[in-house]
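Here the structure of chain A is known, so what remains is to put chain B in place on it, guided by the hints.
Line by line, the protein sequences are chains A and B.
So in this note's numbering, spot 128 of the first sequence is number 128, and the numbers just go up one at a time.
So in this note's numbering, spot 171 of the second sequence is number 171, and the numbers just go up one at a time.
Hint data in this document are derived by calculation from the structure and do not stem from the laboratory.
All values reported here derive from a predicted model rather than from experimental measurement.
Check the hints yourself; a few may be wrong.
Copies of the same chain are indistinguishable here, so a pair counts whether it falls within one copy or spans any two.
[As the list claims (entries may be wrong)] Taking lysine to aspartate or glutamate and the EDC-like style, the derived pairs with C-alpha atoms no more than 16 Å apart in a straight line are:
no. : residue 1 : residue 2
1   : LYS147    : ASP167
2   : LYS147    : GLU18
3   : LYS147    : ASP182
4   : LYS20     : ASP10
5   : LYS200    : GLU224
Chain by chain, the residues run as shown.
Number of protein chains: 2
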Amino acid sequence: MLSEGVVFIDDQYVEPAEAKMSVFDMGMVWGDAVFDVTSTWDGQFFMLEQHLDRFEHSMERFQLRNPYSRDEVRRICAECVERSGYERTYVKFQIWRGLSPGYGEDLRLGQCHFMAYAIPYVWLWGEDRCRNGANLHLSSIERVSSKAIDQRAKNYNRLDLVQARHDAFDQGCVDTILCGPDGHLTEGPGYNIFVVRDGKVATPDHNILEGITRQAVLELCELEGLDVEARPVHPAELDDAHEVFASSTAGGVMPVVQIDGRPIGNGHAGLVTTRLQESYWARRETGWHGTPVSEILNSGA
Amino acid sequence: MLSEGVVFIDDQYVEPAEAKMSVFDMGMVWGDAVFDVTSTWDGQFFMLEQHLDRFEHSMERFQLRNPYSRDEVRRICAECVERSGYERTYVKFQIWRGLSPGYGEDLRLGQCHFMAYAIPYVWLWGEDRCRNGANLHLSSIERVSSKAIDQRAKNYNRLDLVQARHDAFDQGCVDTILCGPDGHLTEGPGYNIFVVRDGKVATPDHNILEGITRQAVLELCELEGLDVEARPVHPAELDDAHEVFASSTAGGVMPVVQIDGRPIGNGHAGLVTTRLQESYWARRETGWHGTPVSEILNSGA
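Chain A with its partners taken away, still in its complex shape (with noise of 0.2 Å):
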């Protein structure tokens, strides 16, 4: 399924059907790739400078090079969204490591790819179930270690997740959550994962990507005057919980209301889920960590 939306690829702005990349490029031969995705809403972007700063890390770990600048990224993200006419989107930015220079030749001479694109804002699992609940699977398959792949960097080697994401249906349900080596919770393809008992909220603190919603549902924690830590969850914490939930930049605060049809709680968005999820769409919609699209579009940069 192609969406509707703008891509900026090979310096130019382009349907999303003419978007195409080597079938020889590296970015795919050998998952030599990152990105990271943002969103705006009603025409901001969410803490962009935070996602620009995670890309940036992203890169820096493996040893890409993007040929845009910092500021040129910001802009063409701006220039997507604008072009794409949406004022609620998702936006995606990538970089991946072209043609290789040659067998047996140092990899890191190949030309990086930058590209960017704006899409009408994705829902991870559809907007009902990110707003009223969905029913996860816990995998037996597990993530990835960081000892092999660093996780803090967003790359696209999931294969681990998707064959966790077809037991999932296989299962019924909609998604996923993987234990990693040490047995420990980790996350699910695209989210973080909270578990919260007692009004104590807990979310894993290794072996994950960052995620900045889960930066921003710490940060709501603190300013709702919820006790929250970044510690290691057991999975047998999923059993004990009284409510959990996800955090995505494709869906916000996600209730998780079962875990492989077992329901958590009464079955329903628990009481401290629904309170942070109201409080990250009230913030967005007065301009929380927002910065528009406009203000990029007119500056001078």
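Just chain B now, with coordinates in the frame of chain A:
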């Protein structure tokens, strides 16, 4: 660097520069793809049916479905070689999941794409190093565990290998060997590893791609009356080895003469390695495990 050669993609034979995929394809965005590589030498495929078997197993493991039958794949590969005009070729075939069926939908509903190509034969480290010996780096980066991604299926989730190769280049080495999560040797990027001590040959037995050239080497050892074993191999055995070598479709039997600049044995290809290497190429020239390209093209299938 785009090679000479011929690519079959989207039901057409095209030049490498024309072979493109959507940047939205799940093959890229989820790393949801498998492939296999065989070769022709003087117009004969090597162990083609074994490569086709493994390709099918790789697809099954990751639930990818090939729109082309095995007979069609065989014929397309032969056609690519014929059209390339080369007798000695590197032949890749690949399947990847195309566009997503939509967020929150079963990924398996995405249509799979098939591609194959023939390019001039590839020597993984350049011909001289593949024939006479290479200096490899023993990486401190962990190979992705088969508990996360089944390494028996040939896949593109290779960021661990990429980082290990960067480190190898920084150390003045041409390539690398990685250990698995249990600390035992696994493989390098595109090749298996063998150690030889007192005339006895050993190769790692788990968390690896079970190479077809590795299988040929195991058979050659039997034919040459050499003691050979697939078993866990500890990295310390590299220190004690009299010889080390690698096996790959893209280079055959390849001597490893140094690890991080430290010579193995006398720093030249050893007797066992040389015997296996000579046997491998001599037998290939006489059609050992060979299927003539012309035979496939002239068959009714």
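Status of each hint after checking the structure:
Proximity of LYS147 to ASP167 under the C-alpha cut-off of 16 Å is restricted to the inter-copy arrangement: shortest distance 15 Å between copies versus 25 Å within a copy. Taking the shortest Cα distances, LYS147 and GLU18 never come within 16 Å of each other, neither inside one copy (37 Å) nor across copies (37 Å). With identical chains, the CA atoms of LYS147 and ASP182 are at most 16 Å apart both within one copy (12 Å) and between copies (12 Å). Taking the shortest Cα distances, LYS20 and ASP10 sit within 16 Å of each other both inside one copy (10 Å) and across copies (14 Å).
In this assembly of identical chains, the alpha carbons of LYS200 and GLU224 lie at most 16 Å apart only when taken from the same copy (12 Å versus 67 Å across copies).
Against the hints set out earlier in the document, a violation occurs for number 2 only.
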